[in-house]
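Input sequences plus hints: build the corresponding full structure.
Residue numbers (UniProt numbering), protein chains in the order written: chain Z, 1 to 414; chain H, 1 to 107.
In short, the hints are calculated from the structure, not lab data. Careful, some of the hints might be misleading.
[Unchecked claim] Under the rule of at most 25 Å between Cα atoms (straight-line distance), these lysine-lysine pairs were calculated in the BS3-like manner: (1) Z/369 to Z/411; (2) H/107 to H/13; (3) Z/390 to H/13; (4) Z/390 to H/104; (5) Z/411 to H/104; (6) H/13 to H/104; (7) H/107 to Z/411; (8) Z/369 to Z/390; (9) Z/411 to Z/390.
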Amino acid sequence: MHIEPTATDRIVVVGGGQAGADFVAALRMAGHQGPVTLVGAEPGYPYARPPLSKAYLSGKATAEDLYIRPPAMYEQQGIDLRTGTRVTAIDRTARHVVLADGERLSYAHLVLATGGRARRLPAPGLDAAPNVHYLRTLADVAAMRHRFVPGARLAVVGGGYVGLEVAAVARQVGLDVTVLEALPRVLARVTAPQVSAFYQRVHTEEGVDIRVDTAVTGFAFASDGSVAAVELKSGERIDADLVLVGIGLVPDTELAEQAGLAVDNGIVVDEYCRTEDPAVLAIGDCTSHPCGEHGGRRRLESVPNASEQARVAAATVTGSLQPYTAIPWFWSDQYDVKLQTTGLSTGYDEVVIRGTTETGRSFAAFYLKDGLVRAADVVCSPRDFTAARKLVAARARVAPEALRDLSVPLKQLL
Amino acid sequence: MPRVVFVRPDGTKQEADASDGASVMQAATANLVPGIVAECGGELSCATCHVFVDEQWLGALPARSEDEEEMLEATSEEPTDASRLCCQITLDASLDGIVVHIPKTQK
Numbered sequence: 001m002h003i004e005p006t007a008t009d010r011i012v013v014v015g016g017g018q019a020g021a022d023f024v025a026a027l028r029m030a031g032h033q034g035p036v037t038l039v040g041a042e043p044g045y046p047y048a049r050p051p052l053s054k055a056y057l058s059g060k061a062t063a064e065d066l067y068i069r070p071p072a073m074y075e076q077q078g079i080d081l082r083t084g085t086r087v088t089a090i091d092r093t094a095r096h097v098v099l100a101d102g103e104r105l106s107y108a109h110l111v112l113a114t115g116g117r118a119r120r121l122p123a124p125g126l127d128a129a130p131n132v133h134y135l136r137t138l139a140d141v142a143a144m145r146h147r148f149v150p151g152a153r154l155a156v157v158g159g160g161y162v163g164l165e166v167a168a169v170a171r172q173v174g175l176d177v178t179v180l181e182a183l184p185r186v187l188a189r190v191t192a193p194q195v196s197a198f199y200q201r202v203h204t205e206e207g208v209d210i211r212v213d214t215a216v217t218g219f220a221f222a223s224d225g226s227v228a229a230v231e232l233k234s235g236e237r238i239d240a241d242l243v244l245v246g247i248g249l250v251p252d253t254e255l256a257e258q259a260g261l262a263v264d265n266g267i268v269v270d271e272y273c274r275t276e277d278p279a280v281l282a283i284g285d286c287t288s289h290p291c292g293e294h295g296g297r298r299r300l301e302s303v304p305n306a307s308e309q310a311r312v313a314a315a316t317v318t319g320s321l322q323p324y325t326a327i328p329w330f331w332s333d334q335y336d337v338k339l340q341t342t343g344l345s346t347g348y349d350e351v352v353i354r355g356t357t358e359t360g361r362s363f364a365a366f367y368l369k370d371g372l373v374r375a376a377d378v379v380c381s382p383r384d385f386t387a388a389r390k391l392v393a394a395r396a397r398v399a400p401e402a403l404r405d406l407s408v409p410l411k412q413l414l
Numbered sequence: 001m002p003r004v005v006f007v008r009p010d011g012t013k014q015e016a017d018a019s020d021g022a023s024v025m026q027a028a029t030a031n032l033v034p035g036i037v038a039e040c041g042g043e044l045s046c047a048t049c050h051v052f053v054d055e056q057w058l059g060a061l062p063a064r065s066e067d068e069e070e071m072l073e074a075t076s077e078e079p080t081d082a083s084r085l086c087c088q089i090t091l092d093a094s095l096d097g098i099v100v101h102i103p104k105t106q107k
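Put into structure tokens, the structure is as follows:
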């Protein structure tokens, strides 16, 4: 059945990343049959970002392999996909968005799934250097892949997940890799010191030169404008054939701000993904949403969060409110090391290590607060991850000795 | 083009076409099959694409890997001998018509 689009019941989604793509699918699954338009600034079909720093960078996956849904789905589901198209303004009074070419799209509901962009390193000449790369989009990776050849010297600025995942791929390809982290340890903002030490050991074993407490003060350029070396506060220079900057994400909130919506480290939404304007919702990396604890808010950069908010927003739009209650989780693959994280480790008062971080490549770190299990990082043990998810969900009170005791399966602690 | 028959908890069947080399999970997400969440996109990290493979098709599948075995402990519904993460079932002509049952609690 073909439904004529009308101005009054169209749902417009701004942003064609994970959240936007998952939302349109969830919307159809929730039974919405009216017109849906997905506007994305990037060209091509919506794709998954996690493989960018892994399978796509290493050449194991093609761009088509990354599609979140097959291209035919959009047509079959009657989704009007406008990619390579920018939304330049939102008129909340008239309830339409303005596209770069001046076209206006009316909406009954507007869903902002604008995500974010890689934080740039502000240094003179850096933006023009052809061998300085960021990692957020397919185009970013396509631009750097040809430099991933054995023997090339890669300097990674930033010891977060993106930087470390790229370092791992680069080592596997045979590059010479140096990771430069300003803080005293890698992954300092997201994990416990023991887990940081584990990753530093693994990368060192794999041949990466990990430098912590290392401030980058500038860059030396070759005559063609490319970076030849990274200059450090110590006075040392790291010669480089390419540079990867992984220093975080800046949420894309400008459209929302210009439209007068509240923004506080992300577009402010409630547990149903609604902004203060009942016709406007926001989902994914760009949102600041309630986290349930002490009335606080948080912004999460993760696929599971984008997917969950997509489902929540689809329910909201179709009139069956389902609050966001999911426990955050996250994963990272580096070499043969699979990390699975559940819960948020912020605000813990005790870390309990099950197994050892000093040898081997499998252990779990539990984060406790007031004796209750709040979060866990599980390395190479899907079985323990399973149990950890349940312990975190239950806010279980478990004695640290029991968590540490490898002879007791975690399952028995549930 | 291998077909997959998804059986929902209420008994309704949904047939999906897939391409050779696609996984059962991809057939599900391409056709908006409810109950196959596939949160990690097929990276064997989330256990939200759990299915029970119909008895007559069980023998046609290769054994579960150790990682899949461990992840199956994370499913929303108690796994059985027929349980698989359907991102790990790669389709080809020999699996044309494979029948899988969707767990009730996977959302």
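Right, here's what the structure says about each hint:
1. Straight-line distance between C-alpha atoms of residue 369 of chain Z and residue 411 of chain Z comes to about 21 Å, which keeps the hinted pair within the 25 Å bound.
2. With a C-alpha separation of about 18 Å, the suggested pair residue 107 of chain H and residue 13 of chain H falls inside the 25 Å cut-off, and the hint holds.
3. For the hint linking residue 390 of chain Z to residue 13 of chain H, the alpha-carbon distance of about 32 Å lies beyond 25 Å, and the restraint is violated.
4. At most 25 Å may separate the alpha-carbon atoms for a hinted pair to count; residue 390 of chain Z and residue 104 of chain H meet this at roughly 19 Å.
5. At roughly 23 Å between alpha-carbon atoms, residue 411 of chain Z and residue 104 of chain H fall within 25 Å of each other, so this suggested pair holds.
6. Using a Cα cut-off of 25 Å, the hinted pair residue 13 of chain H and residue 104 of chain H holds, with the two alpha carbons roughly 14 Å apart.
7. Annotation: proposed proximity of residue 107 of chain H to residue 411 of chain Z holds, straight-line Cα distance about 23 Å (limit 25 Å).
8. This hinted pair checks out: residue 369 of chain Z and residue 390 of chain Z have alpha carbons roughly 16 Å apart, not beyond 25 Å.
9. Taken as a hint, the residue 411 of chain Z and residue 390 of chain Z pair is honoured in the structure, with Cα atoms around 9 Å apart against an allowance of 25 Å.
The earlier numbered hint that this structure contradicts is number 3, and it is the only one.
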